[in-house]
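Asks: For reference, the chains in residue letters:
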Amino acid sequence: MSSVPTTRQTAGAGAARAAARRAGRSKVGGYDRRPGVVTYVLLGVAVLIGLGPLYYTLLLGSSDPVAIAQSSLPQLLPDASLFENFSKVINSDAFDFWKAFGNSLIIALFTSATTVLFSTLAGFSFAKLTFKGRRPLLVFVIATMAVPTQLGVIPLYIIMAKIGWIGTLQAVIVPALVTAFGVFWMTQYLEEALPYELIEAARVDGASMFRTFWSIAMPAARPAAAMLALFTFVTQWTNFFWPSIVLNQSNPTLPVAVRLLQANYFVDYSLVMAGVFLITLPLIILFVFAGRQLVAGIMAGAVKG
Amino acid sequence: MSVKSPAPERIAPAGTPRAPRRVGFSQRLSRWDVKLSPYLYISPFFILFAITGLFPLVYTAYVSLHQWSLLGGQGDYIGFQNFTDIFAQPAFWRSLRNTFSIFLLSSVPQVLVAIVIAALLDQNLRAKTFWRMGVLLPYVVAPVAVGLIFGRMFADQSGLINGALGFFGIEPIRWHVDALASHVAIASMVNFRWTGYNALIFLAAMQAVPRELYEAAIIDGAGRVRQFFSITIPQIRATIIFVVLTSTIGGLQIFDEPRVFDEAGRGGSSQQWMTTTLYLYDVGWGTQRNLGRAAAVAWLLFLIVVVIGFINFAITNRISTSGADRTTTRTRRQRRAAARSSRRSA
Numbered sequence: 001m002s003s004v005p006t007t008r009q010t011a012g013a014g015a016a017r018a019a020a021r022r023a024g025r026s027k028v029g030g031y032d033r034r035p036g037v038v039t040y041v042l043l044g045v046a047v048l049i050g051l052g053p054l055y056y057t058l059l060l061g062s063s064d065p066v067a068i069a070q071s072s073l074p075q076l077l078p079d080a081s082l083f084e085n086f087s088k089v090i091n092s093d094a095f096d097f098w099k100a101f102g103n104s105l106i107i108a109l110f111t112s113a114t115t116v117l118f119s120t121l122a123g124f125s126f127a128k129l130t131f132k133g134r135r136p137l138l139v140f141v142i143a144t145m146a147v148p149t150q151l152g153v154i155p156l157y158i159i160m161a162k163i164g165w166i167g168t169l170q171a172v173i174v175p176a177l178v179t180a181f182g183v184f185w186m187t188q189y190l191e192e193a194l195p196y197e198l199i200e201a202a203r204v205d206g207a208s209m210f211r212t213f214w215s216i217a218m219p220a221a222r223p224a225a226a227m228l229a230l231f232t233f234v235t236q237w238t239n240f241f242w243p244s245i246v247l248n249q250s251n252p253t254l255p256v257a258v259r260l261l262q263a264n265y266f267v268d269y270s271l272v273m274a275g276v277f278l279i280t281l282p283l284i285i286l287f288v289f290a291g292r293q294l295v296a297g298i299m300a301g302a303v304k305g
Numbered sequence: 001m002s003v004k005s006p007a008p009e010r011i012a013p014a015g016t017p018r019a020p021r022r023v024g025f026s027q028r029l030s031r032w033d034v035k036l037s038p039y040l041y042i043s044p045f046f047i048l049f050a051i052t053g054l055f056p057l058v059y060t061a062y063v064s065l066h067q068w069s070l071l072g073g074q075g076d077y078i079g080f081q082n083f084t085d086i087f088a089q090p091a092f093w094r095s096l097r098n099t100f101s102i103f104l105l106s107s108v109p110q111v112l113v114a115i116v117i118a119a120l121l122d123q124n125l126r127a128k129t130f131w132r133m134g135v136l137l138p139y140v141v142a143p144v145a146v147g148l149i150f151g152r153m154f155a156d157q158s159g160l161i162n163g164a165l166g167f168f169g170i171e172p173i174r175w176h177v178d179a180l181a182s183h184v185a186i187a188s189m190v191n192f193r194w195t196g197y198n199a200l201i202f203l204a205a206m207q208a209v210p211r212e213l214y215e216a217a218i219i220d221g222a223g224r225v226r227q228f229f230s231i232t233i234p235q236i237r238a239t240i241i242f243v244v245l246t247s248t249i250g251g252l253q254i255f256d257e258p259r260v261f262d263e264a265g266r267g268g269s270s271q272q273w274m275t276t277t278l279y280l281y282d283v284g285w286g287t288q289r290n291l292g293r294a295a296a297v298a299w300l301l302f303l304i305v306v307v308i309g310f311i312n313f314a315i316t317n318r319i320s321t322s323g324a325d326r327t328t329t330r331t332r333r334q335r336r337a338a339a340r341s342s343r344r345s346a
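Line order of the protein sequences matches chains A and B. The letter at position 28 of the first sequence is residue 28 when you use full-length UniProt numbering, and the numbering goes up by one with no holes. The letter at position 287 of the second sequence is residue 287 when you use full-length UniProt numbering, and the numbering goes up by one with no holes.
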């Protein structure tokens with residue numbers, strides 16, 4: 001069975017039309033065939049399963065404790081009391097909402113910036129510079145990705161307590177300044193995206209190593225750097241385990257704050273859910289604008305990893 | 001001009017005695033620049049990893065051999081006392097059982113469903129980006145938020161899931177009482193957040209499969225299902241190993257979701273859903289405030305993650321390689337068939 005265009009050339013237009021009809025009908029089908037309704041229905045279900053819990057959060061967030069206790073689905077549409085609950089959460093006594101928001105933002109932005117800078121520096125070095133021990137060091141970086149470093153929390157906590165960083169943002173920021181994944185990611189990208197000729201040209205023009213990095217490697221790394229920044233931002237914004245250990249009630253991040261909300265307001269789940277939606281909203285907004293990059297980033301990382 | 005310029009200097013050597021030395025210095029500087037810069041650029045990662053990754057892991061062993069309370073600090077060396085204390089606590093063994101149960105309930109269905117979703121996405125879809133973004137959306141919801149939302153959906157009284165079950169005449173399930181039920185609930189949170197993410201990883205791997213393989217299979221008369229099992233799965237085997245490994249490393253350390261599954265955050269009234277990381281937290285910062293014991297738990301969990309990671313790697317590698325063996329012979333046959341047919345049509 002050959003392709004329809006081949007049939008057209010060998011057996012004529014009529015045969016080609018027949019072949020096309022047959023191809024459209026047959027179960028086998030070529031790769032370019034448009035999928036049937038079933039595919040869209042299944043994917044639609046998958047997307048709805050993703051959206052459902054978020055919509056449910058809105059519904060509970062605009063409800064009240066009595067209704068939540070009595071009915072499994074208090075209402076079908078969100079209403080204005082959602083905003084009342086938002087303002088109750090924002091003005092809650094349990095924690096300072098804007099402070100938590102600011103803390104989350106500072107941590108996520110700062111670590112994204114440093115992760116991109118340090119990862120690109122290391123990636124440039126691993127991908128394009130020659131030095132003794134390059135190969136084993138790179139293997140070491142990759143190996144550390146498989147090490148559950150989260151389990152070093154106890155000594156890390158002891159260190160933080162000793163230098164008086166408990167309850168401060170540095171305690172969360174410093175361990176997250178750069179990641180093995182970031183280094184690996186930028187190495188992979190720069191290996192392909194940065195031609196040696198450009199580096200040589202810069203060197204011949206008398207640029208120092210750092211100047212070469214800053215003016216040649218940095219701009220070339222921009223697409224991968226943007227994705228790395230996005231992923232770091234999401235990871236830090238949603239990070240809970242370590243911040244919940246080192247941060248306290250007076251200086252929380254949003255995930256830590258929402259746990260406080262749960263511990264303090266468990267009698268009123270409408271407030272908890274309003275809070276949950278509030279901490280999720282910034283990332284949903286980010287997702288609307290940068291979701292395409294997230295998708296591309298995950299897919300690019302997968303091919304190489 | 002540049003060729004001529006050194007000449008006057010040679011004629012008048014007394015003029016600039018410092019000039020050659022300055023050239024030498026900048027040359028030496030540039031050589032150091034070339035030699036040291038690579039190490040300098042990779043040093044931030046290595047220094048940070050040494051301080052916040054490697055050292056704590058090693059130091060965990062030291063702490064685990066000492067009496068060490070959260071408030072009192074370091075005490076006496078007590079050998080393996082912390083480990084025997086841990087082994088004597090039923091909560092530890094329960095936490096291991098819960099961790100494995102939740103891990104299996106989350107990773108196996110997650111990988112299977114992700115592959116199916118990826119196969120659905122790996123078609124000539126309309127609005128490709130929309131569907132890809134659609135399945136990724138749950139990824140941006142924080143695990144804590146997912147835990148709180150699902151904790152309410154799986155509420156024992158008037159929860160959404162029990163309501164839906166009641167609609168079909170099924171008795172309400174006590175999600176926050178029964179151990180297995182709570183594991184299902186927590187595993188569903190993990191699956192909710194990661195299935196779409198993993199589906200995109202699989203999708204990327206599927207798109208890298210050479211299309212000729214499918215064409216050859218079509219020539220041999222293989223249907224869609226046959227193509228999926230005989231070409232797609234063996235071809236994306238490296239990616240399957242990668243996803244299984246990462247979900248193992250993450251899944252065995254699960255903390256956020258069980259922590260917020262109820263208000264107390266202690267894994268249930270009889271530790272039905274207390275995972276090992278949650279147990280570690282409880283020992284260190286919760287009820288026992290004993291960092292020495294918590295360090296012992298951390299070390300044990302570390303060993304478990306590494307061992308299970310290796311076992312997983314071996315199993316996944318075995319399964320998918322045996323699948324690949326079958327198909328390499330098959331594809332070779334297919335290739336020959338393809339070559340034959342193209343010769344015929346030419």
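Among these hints, one or two may not hold up.
What the hints assert, rightly or not - Covered stretches of chain A, as calculated for chain B (at least 3 residues, CB under 8 Å): (1) 63-76; (2) 223-233; (3) 254-261; (4) 284-291.
Unchecked claim - Label-pair distances were calculated between CB atoms; the ranges are: (5) A/E84 <-> B/A88: 17 to 25 Å; (6) B/V209 <-> A/G36: 29 to 37 Å; (7) B/Q89 <-> A/G36: 49 to 57 Å; (8) A/G133 <-> B/A314: 48 to 56 Å; (9) A/R34 <-> B/L303: 47 to 55 Å; (10) A/M145 <-> B/A88: 30 to 38 Å.
Treat the hints as calculated values from the structure; they're not laboratory data. Don't be surprised by glycine CBs; every beta carbon is placed ideally from N, CA and C.
Asks: Each hint needs a verdict: does it hold in this structure or not?
Replies: Tested hints:
1. A count of 6 residues in the segment 63-76 of chain A with a Cβ less than 8 Å from any Cβ of chain B is obtained; the coverage claim is therefore met, three being the minimum.
2. With 0 residues having a Cβ less than 8 Å from any Cβ of chain B, the segment 223-233 of chain A misses the three-residue criterion, and the hint is violated.
3. Here's how the segment 254-261 of chain A fares: 4 of its residues keep a CB closer than 8 Å to some CB of chain B, so the rule of at least three is met and the hint holds.
4. Proximity of the segment 284-291 of chain A to chain B, defined as three or more residues with a beta carbon under 8 Å from a beta carbon of that chain, is established by the 4 residues found.
5. One distance hint, 17 to 25 Å for the beta-carbon pair A/E84 and B/A88, is violated here, with the actual separation near 51 Å.
6. About 22 Å separates the C-beta atoms of B/V209 and A/G36, a value inconsistent with the hinted range of 29 to 37 Å.
7. Taking 49 to 57 Å as the suggested C-beta distance range, the pair B/Q89 and A/G36 conforms, at roughly 56 Å.
8. In this structure, A/G133 and B/A314 break the distance hint of 48 to 56 Å, their C-beta atoms being roughly 30 Å apart.
9. As the Cβ distance of A/R34 to B/L303 is approximately 51 Å, the hint placing it in 47 to 55 Å holds.
10. Restraint check, A/M145 to B/A88: a C-beta distance of roughly 35 Å satisfies the suggested window 30 to 38 Å.
Checked against the numbered hints given earlier, the structure breaks hints 2, 5, 6, 8 and satisfies all the rest.
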